[in-house]
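*Asks:* Chain residues, written in single-letter form:
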Amino acid sequence: MLSIGVDPARCTRCRRCEAVCEMTHGGDGQGGRSRVRIRDSGWPPISICRHCESAPCADACVSGAIRLDPVAGVVEIDVARCVGCWSCVMECPFAAIAMVDVAGQGARAYKCDGCREWGFPRCVAYCPTGALRAGAGAGEMSGRVRRQRAARVLPGRPTGGARA
Amino acid sequence: MNYVVVGSSAAGLSAIHAIRKLDPCGNITVVDEESRPAYSRVLLTHYIAGRVAERDLFLVEEAFYRSYGVRTLLGVRATGLDPGRRQLYLADGRVLDYDSLLVATGARAVVPSWSRTGGVTGLRTREDAVRIRNAALAGRRVVIVGGGPVGVKLACALLELGVTPTLLASSPRILSQVADREASLMLEQHLLRHGVRVRCGAEVGEVAAGPRGTEGVVLSDGSTVPCQLLVVCKGVEPRTELVAGHLAVRRGVLVDNGMRTSVPGVYAAGDVAESPDIWGEGTRVSAIWPHAVKQGKVAGTNMAGGRDLFPGVLPRNAMDVLGMPFVSMGLLHVPAAAGWRSVSRRRGNSYLRLVIRGESVVGAVLLGCPQLAGPIQAAIRKGGRGWEQLVPL
Amino acid sequence: MREIAGDILYVDLSERRAWREPVPHEDILKFLGGRGLNAHLLWKLTGPDTDPLGPESPLVFGTGLLSGTEAPCSGRTTVTCRSPATGWYLKTSGGGHWGGELKFAGIGYLVIKGKADHPVYLWIDDGRVEFRDARPIWGADVRQTDLAIKKEVGDGDIQVAVIGPAGERLVKFAGIMFSVYNTAARGGAGAAMGAKNLKAVAVRGTGALRAAQPARFHQAAAVCRRALLADSGGEGLARYGTSGSVEAVNELRAWAAYNFQRSRLDDVYAVSGQCLAERGYLKRRVACLACVFGCHRYTELTRGEFAGCYTGGPELETVGALGSGCGVSDPEAIIKANELCNVLGMDTISCGSVIAWAMECYEKGLISARDLDGLDLRWGDGRAVIEMVRRIAYRQGFGDVLAEGVRAAARHVGGDSYRWAMEAKGLEQSRVDTRSAKAYALAFAVNPRGPDHLHTETFAEFGLSPEGRALIARITGDEKYANPYLAEKRAEIVRWHEDCYAVTDALGFCAFSSTALYGVTPARMAELFSAATGHEISEEEIMRAGRRIVTLEKCFNVRAGAVRADDSLPWRLMHERTPDRPDADAINAPEELSRMLDEYYSLHGWDPETSWPTSQTLESLDLGDVGRQLAAVGKLG
Amino acid sequence: MEKFLVVYPDLCTGCRQCELACSYHHEGVYSPSLSRIRLVKFEDRCLNVPVVCSYCEKPPCEALCPTGAMSTVPEGPYALVREDRCIGCKECVHACPLGAVQLHPGSGVAMRCDLCRGDPACVKVCAAGAIRYEPLDAAVREKRRARATSLNPL
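So the protein sequences, as listed, match chains A, B, C and D.
For what it's worth, this note's numbering labels the leading residue of the first sequence as 131, then goes sequentially.
For what it's worth, this note's numbering labels the leading residue of the second sequence as 1426, then goes sequentially.
For what it's worth, this note's numbering labels the leading residue of the third sequence as 177, then goes sequentially.
For what it's worth, this note's numbering labels the leading residue of the fourth sequence as 740, then goes sequentially.
Bound-form chain A, shown alone (with noise of 0.2 Å):
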């Protein structure tokens, strides 16, 4: 299951991750094909979709576009199916979702679909600060914090491999 995690304390608002997702998905570089936003106002500040595991917008969903592909870890959009009812929106706890026009037909639900293609978030491997961060699974993420604290405690120098 993919994990994207968002730390807005230490976004410095350079919209790396908008210009890179913008790139990653075809863009006109005008920012309108990013996945992920900066807000210069309002809440969230950051928005990007988390992947939940038992995701609200996929059981609001009315056509049965949303769903959890369970191979790749990623909760994705058929925009095929999609009718554009804004209900996904209404749901989405963390504003991920935008309505986009897609292919001429009128808006459709569009949101991260975690690079699939490139085997894990671009915007991720490009936020310079640590603002957003992603692991495989969330086992892998809280993990690798674990580690990273726990080889502080102890004064014994671990080599093990905070970063390991």
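Hints are computed from structural coordinates only; laboratory data are not their basis.
Be aware that a few hints might be false.
Stated by the list, open to error - Going by beta-carbon spacing under 8 Å, a handful of chain C positions derived as facing chain A: (1) 331; (2) 332; (3) 333.
As the list claims (entries may be wrong) - With a straight-line cut-off of 27 Å between C-alpha atoms, the simulated DSSO-like cross-links for lysine-lysine are: (4) D:742 to D:882; (5) C:220 to C:206; (6) D:797 to C:459; (7) C:327 to C:291; (8) C:459 to D:882; (9) D:882 to D:797.
If you're wondering where the values come from, they're calculated on a predicted model, not measured in any experiment.
From the three backbone atoms N, C-alpha and C, an ideal C-beta is built for every residue, glycine too.
Position chains B, C and D against the provided structure of chain A, taking the given hints into account.
*Replies:* Here is chains B, C and D on its own, set in the frame of chain A:
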């Protein structure tokens, strides 16, 4: 274990998923009076608008039931129940034994007395939708009776097809149940701008029939609106007739947060159920899709021996009104009591209103600024504090 | 039952193929798990002529049946193969956390066959197997390898079983290192792994184990835990580790020093666990999976010549082999030598033993400084020992001779050097001077892999604890037999411990839970087995299963050509009296050993002429098919 | 006096009995990945650090939880994960500075130490005394003493 699920729409299917997750071997039987596998009623207006093909209305294919090892009795109505002997009676005379039963019979359209003539239809089934779409494509004049969400969505759908409908609302404004006054007026203006003829405060007197069928509808003020098809969208009511007399029923079948009815072994979920609201202040029937899915999952989990709770009903609606997104949720009526107030913000076509009780947000109307809907809903669910940070007003 | 035992994962390195099979229920009932199932698998997968270092020779890892549960001290893993050191049967076990991780990945047994065409390591991610290139880490030491793999996999919480440079160079006593410092050391399992071009097996397991009767199992485990914590030896074991009993063994004149020329050491305190703790070398205690004691050590040298050295250990046997055995009483040198053995991946017992033998050769003039490239290999010179350890691992100079084991080295040097080559069956003897421990002597002689204490630990005969004395009284009828100098009743003592130890190993328990401390009795093991599998088994039945395992291991050697003469002890112990005990019995005289063997074989129902099990005995242990195979090659007693 | 789980990593032997006891107590099975307390091992240095929820005064996991699923029962205070509300968004996992919050691998719901409602199973099995359930001032006293001892060569 013998599980019987009556109704195979959102709640029923979601319950089957949940049961199978916990109990790979139990016998599951689904009874549904429709002879085809479940389809999405919510998609019907989108079908009329041509956004979804008819085959995409179906939620599952027949193979789904096979792969889940579910016995299907489709096209059969359940007619009676003996909760003491744990038996369900079917219209064809068969009797099903169950260990746990899920009542997910859904709701039916409200049908006014004047509407029992030709040229009048509801919008509840696939057949209704096909009829309306065909009429619209044939260039018939359509009048929609009901200014609620379904009526408005249908109006938008017809407009997309190139038909300009008339929308008759009996209340003084459209969407009176799901929007505040300002949003109603804004939406009405928006519809009018796009050519929808909206008439509020219009009571239907009778249907005017001529030799070639329906010719118009006569309003109580005596005026006549000509039309060839009348679509009644006056809301829905829970289909409780199967269980009435056996289970506690108010508007819907009363259930607790575990979706248990008043009788052991019987659960209810979806549009038929009346369950506690998220504030724990009362019970509500909520005929919306996300609730049906969640309630079905909770019911299924509990039926199979697991433990799950439904967080409670939070009424909400989302729709696209001709390019203008509209979302509302929670309590919208502001009583003239201490502690209640509302705050609102309007910038151009974007309008936001929050209903505040004490320090907590309990309801919201959002027009043209739907991105905030999710965070606000989350805030309402968490108790409503801290909304000031979400929304710079 | 599958939920507690795990599946068998077969890996064919030649074909780069891996597949999984469940363990048949009846096999678990018959062989319990771990060591027992390993024996069964190895019997099935090998023949009498299998070359221990050939690609066809399988290497079997088996977790204890209860490994991964809360049963106290149940985390041990048994490695079984044909021994590269001896050619005989090899079962060797290690602690740490690797086995538990494998179990959590749903796998109880890992059978490795074939040989990779270039160095690889296995990455088992919850049962999904990947063959990964190990060429970049080939040659790396154990610590580096562990870290490199964790980094490559991107998870520091995984468990890795590794061989060091010694295993790669097929040093005959190379071990397999679990969790960096826990070793399946004896008999050259590391060489068997190296011969397959397999550098490491990394595992991540996120699954769960469920007992068939969870509440009953939980209860039974709690009983065992309480009993272990109440054992009189427990506290000392926890505080000072295995080397905490060095002084007591020394007092009994059973502590081998100067290559067994002595059986006590004058300044023994310097190498005891108490000293390690007091002088501040001991930094912390370390435990294997589910252990309640934590007898494993972690020591660090912050000052002196070897400052910066850190390692797991040293354990009692290490202190004996690399220390007393070579006359070294400098704990810092021992710790440094231990670190080298650990990171290069070698058995400290054999390594110390071959060096001690070489020292004696050097003293007696059979080898010269020139043979040793100028190294002055004198008794007590810690630095010379450390240098020799390195040369053995990398097979440099005379190290290459010693890397073949002491039997081959004695053949190479010739003369009388076989007299002080402390080996039997080709394996270097562990640190107990069996001239002063007669049950140990018998147990060492009949041990299928060679003379050491891990076929069956008969610690009770020392009579060092009330629990041990009570056990001897229960086995023999009289507490007076809790005396290591007596030769009577040794067969009974050994056989009981054999059965018990086989069950202990099969379930994954540590010797310190059942045969050195005594909290986990056979009855309690039977209870745990029943609750874990849902299959009721009695104390007698589980002990019989233990005997079945012991007998099958014996049959393996019989099929490979073993006869009674192979059940023997090193020459010195049978022909030289220890100077530290002037009394007459301070020797393992051939006649005495022979008498004990007679008793032992007849107790087992084996033919005393050949030592071969009889068809009747095998039938009575449900090993009829094994008997028929032995009969086919004419080796049934 | 409010009691907390206090860990003493320098005493921990790394036996993982705490993880096994925890997973048994909460799930009826033995599995470190289902345990609310997790052990971090640095094997080359034989370092073992138990990591468990430290009951922050202002828990970031609760603050960031979008659904109110992460909460604390005031009478303990004991952590409570309201599984019906949890959507598995992993905000809590990212928020916890200790790495002490995880998702249940099966249900995808957040897991956090609930102190076994006042009788922690891990404490009962910790033979090394590395995990204790004690009032905070006792832990502080111990720490002060250890620090003072390390300063004084005698």
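*Asks:* For every hint, state whether the structure bears it out.
*Replies:* Status of the hints after comparison with the structure:
1. 331: holds, 7 Å
2. 332: The hint holds - residue 332 of chain C has a Cβ within 8 Å of chain A, the shortest such distance being about 4 Å.
3. 333: With Cβ-Cβ at 6 Å, under 8 Å, it holds.
4. D:742 to D:882: holds, 16 Å
5. C:220 to C:206: Between residue 220 of chain C and residue 206 of chain C the Cα gap is close to 15 Å, so the pair holds against 27 Å.
6. D:797 to C:459: Roughly 36 Å separates the two Cα atoms, so the pair is violated.
7. C:327 to C:291: The hint holds at about 25 Å.
8. C:459 to D:882: Holds - the C-alpha atoms of residue 882 of chain D and residue 459 of chain C are around 18 Å apart, at most 27 Å.
9. D:882 to D:797: Since the Cα atoms of residue 882 of chain D and residue 797 of chain D sit roughly 23 Å apart, the hinted pair holds (cutoff 27 Å).
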